[in-house]
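**Q** In terms of this note's numbering, the sequence shown is residues 30 to 108.
Honestly, the hints are just simulated from the structure, not real lab data. The beta carbon of each residue, even a glycine, is placed where N, CA and C say it ideally should be. Please note that a few of the clues may not be correct.
Label pairs and their calculated CB-CB ranges [what the hints assert, rightly or not]: (1) Leu-52 x Tyr-78: 36 to 42 Å; (2) Asp-74 x Leu-101: 33 to 39 Å; (3) Trp-91 x Ser-69: 47 to 53 Å; (4) Gly-42 x Asp-71: 22 to 28 Å; (5) Leu-103 x Val-49: 27 to 33 Å; (6) Phe-75 x Ser-96: 31 to 37 Å; (7) Phe-75 x Leu-106: 45 to 51 Å; (8) Ala-85 x Gly-42: 20 to 26 Å; (9) Glu-104 x Tyr-72: 52 to 58 Å; (10) Ile-66 x Pro-102: 18 to 24 Å.
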Amino acid sequence: MLLGRPWGRCHPGQCALFLVLALLLDAVGLVLLLLGIFASLDYWDFLVYTGSLILAFSLLFWITWYSLNIELPLEKLDL
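Can you make the complete structure from the sequences, with help from the hints?
**A** What follows is the structure in structure tokens.
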């Protein structure tokens with residue numbers, strides 16, 4: 030058990046849209062970055078910079094997805 034939950038269960042959380050957007054931006058950014066690095070193209074720098082920016086932008090979706098899935102009982106809140 031990991032943190033009180035069974036091992037075999039995968040749960041994307043409450044905001045699956047942010048998870049899908051983060052994964053999609055990661056895939057697109059990685060493809061552009063690797064294409065810019067390994068392909069012999071005249072515009073390789075555009076692909077490298079664009080891929081890096083897309084990967085950095087995907088971090089916003091990862092942070093949003095993670096922070097919206099934090100579950101805290103009402104007893105632990107000091108309201």
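**Q** Measuring from beta carbon to beta carbon, are Leu-103 and Val-49 in 27 to 33 Å?
**A** holds, 29 Å
**Q** How does the Cβ-Cβ distance of Asp-74 and Leu-101 compare with 33 to 39 Å: does it lie in that range?
**A** Violated: the Cβ-Cβ distance is about 45 Å, outside 33 to 39 Å.
**Q** Determine whether the Cβ-Cβ distance between Trp-91 and Ser-69 falls within the hinted range of 47 to 53 Å.
**A** violated, 32 Å
**Q** Using the Cβ atoms, figure out if Leu-52 sits within 36 to 42 Å of Tyr-78.
**A** violated, 22 Å
**Q** Could you say whether the range 31 to 37 Å given as a hint is met by the Cβ separation of Phe-75 and Ser-96?
**A** holds, 32 Å
**Q** Cβ-Cβ distance between Glu-104 and Tyr-72: within 52 to 58 Å?
**A** holds, 57 Å
**Q** Is it true that the C-beta distance of Ile-66 to Pro-102 lies inside 18 to 24 Å, as the hint says?
**A** violated, 47 Å
**Q** Is 45 to 51 Å right for how far apart the beta carbons of Phe-75 and Leu-106 are?
**A** holds, 48 Å
**Q** Starting from the range 20 to 26 Å, see whether the pair Ala-85 and Gly-42 falls in it by beta-carbon distance.
**A** holds, 22 Å
**Q** For the pair Gly-42 and Asp-71, does the Cβ-Cβ distance stay inside 22 to 28 Å?
**A** Check failed, 42 Å falls outside 22 to 28 Å.
Of the numbered hints given earlier, the model fails hints 1, 2, 3, 4 and 10; all others are met.
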